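**Q** Letter by letter, the chains look like this.
2 protein chains.
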Amino acid sequence: MTAEAPVFHTPASLREPDPEVVARAREIVEGVRSGSRMHLGRAITLIESNAPKHAALAEEVVRQALPYAGQSIRVGITGVPGAGKSTFIEALGCMLCREGTRVAVLAVDPSSTLSRGSVLGDKTRMEMLCREDNCFIRPSPSSGTLGGVTRKSRETIVLCEAAGYDVILVETVGVGQSETTVRSMVDFFLVLLIAGAGDELQGIKKGVIELADTILITKADGNNIPRTEAARVEFARVLHYLTPPTPGWNPKVLTCSSLEHKGIREAWEVVEGFRDFSHASGHFVENRKQQTLDWIEDMLSQQLWDDFIRNEGTRSRWPEIKRQVLEGNLSATTAVKQLFNAYTIHHD
Amino acid sequence: MTAEAPVFHTPASLREPDPEVVARAREIVEGVRSGSRMHLGRAITLIESNAPKHAALAEEVVRQALPYAGQSIRVGITGVPGAGKSTFIEALGCMLCREGTRVAVLAVDPSSTLSRGSVLGDKTRMEMLCREDNCFIRPSPSSGTLGGVTRKSRETIVLCEAAGYDVILVETVGVGQSETTVRSMVDFFLVLLIAGAGDELQGIKKGVIELADTILITKADGNNIPRTEAARVEFARVLHYLTPPTPGWNPKVLTCSSLEHKGIREAWEVVEGFRDFSHASGHFVENRKQQTLDWIEDMLSQQLWDDFIRNEGTRSRWPEIKRQVLEGNLSATTAVKQLFNAYTIHHD
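Respectively, the protein sequence lines represent chains A and B.
Counting with the working numbering, you get residues 1 to 348 for the letters of the first sequence.
Counting with the working numbering, you get residues 1001 to 1348 for the letters of the second sequence.
No lab work stands behind these hints, which were simulated from the structure alone.
It should be emphasised that the depicted structure is a prediction, and the values quoted were computed from it without experimental measurement.
Built from N, CA and C at the ideal position, the CB exists for glycine as well.
Each hint should be verified, as a subset may be incorrect.
[To be verified] Which stretches of chain B does chain A cover? Using the computed rule of at least three CB atoms under 8 Å from a CB of chain A, they are:
#	stretch
1	1063-1073
2	1233-1239
3	1288-1298
4	1302-1309
5	1328-1341
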């Protein structure tokens, strides 16, 4: 094997798990299942660790937690800054917790590492919810890349489910690729929008409303009610031109006021209606299976690509090939063949 | 090298082109550049050939044609069946040809192989345009997969440009992935829509209107005019919520009647305005460069993936790994590592 050969190797522990790792993982998973938020928090910290020495234990913890996972409803919530995500999540979360539902609130937001303070950076934003015994709040993992955040968020969901949380709220800010990422790990996707004179709505990223199982126009209180009602009608028209993300489920457009606590229950009833519908149609189970398989394919494609572009042969040829292509002296098809040739010779 | 190692090898002819192939390619490119439609047609047939014996010559033809290519404006045109694509292209094409502009009409439509007769399957659909000396019409390549169609369509554009065509109209039907594919190979993307009682518009595929540099509501004639005008206003509202595909260019919504030849010139003036704008802003050149690089990346990713899933080690492990993942006994992250391990051991 040359130095440039692919670098993916399954640790020995994966094929034949180290008994000590298995035993430690069992303790951790028991702690998680006991319902202790402290144990759950520590287990998530382990999952989020980038230290190679934690990798085998983290994987074993997820493996042992998996049989206890899968029972929640996973709800993605997005919206531009200012759309009132925190106050909505607090209002919804408190309502559910007081009814005996256990609610976990997670954040997926790669930008939070840049200290933009966008998502749950400050737990005090949800003061009331934090005090609920039935609630667990976890800020965004501090990994720099979205790929890493994705892995950790999915596995954090598994741990929260194993800990008995009934509802997993996955919050994201409407930037970059994060909505698509969250959409791919939840059962139901809720988009929060604010009504306004029209221009405020331009903050919505292209394509986000297409991902919505329901659109919720926030801040429907006081003299803002006519505007939220107009926005509701308008977005119902816009949705008319889009294919619903969940086959057979027509996305709803609702309004709510988190301040006056109006429309929160109605919004949750839509989620429950969706859950009933998708369990009955079989979509729920099939969608989760497909999400897992898609995720595996995404990770594989990404690793194949990473290995390819890290490859010494490929990397050394690319600048010259790129130059020739952009100057019109080399066709793209030929460029691809030459790059593959540069890559594969290292495996000979 | 084991039997399962990657199978990509640059033919010797690519590294040191066979002088005979170079000479034959030169003849073909000279024929194309002479302006003879027969020579152009034959060259495209060569490009479209799936026969391995034609591959080296086809690549050399494209390579030699490249320096003469790139001078046209490439316009993608899509719309659901019944939106009037053929009559619009005929009206626009005849107008341009009679003014001395040379127009090539290509089709990208993987479904045409299924004899749906959707795109240019019958040249007689454009009887008038076919008779124009300045026009070249080419139906969809008969390759089964969209990937193959993409390669051939992009290289067909190169040949048409080398043959001196000023305007390349790339037609596609609004199904599957074909609009995104066409969007990625043109400068300007035109979406044709029909007005109606509302429900007719649901035939538009999700996301297609997001790709539009301009929306053209067709059949604005007779008592249909109020409906097309209402649709124009409605789509202008919908576009308001979408990010324009070309930065700095706000998509227009126009109406036209191909039958009464109204609005055709106005539609073309928008394309010309776009060309002037995007040349001035530098977007035109940058976009073409980026399209080429993106295409190379797409082809590479696809080939990496194809090799991976064809790999004997990967293929033999996948059913068992998939079963374990879906039963919740194996985490997706571990599955990815195990699959990579199964893949890479063949390169050791």
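**Q** For every hint, state whether the structure bears it out.
**A** Evaluation of the provided hints:
no.: 1; hint: 1063-1073; in the structure: holds (count 5)
no.: 2; hint: 1233-1239; in the structure: holds (count 3)
no.: 3; hint: 1288-1298; in the structure: holds (count 5)
no.: 4; hint: 1302-1309; in the structure: holds (count 4)
no.: 5; hint: 1328-1341; in the structure: holds (count 14)
Consistency note: the structure conflicts with none of the earlier hints.
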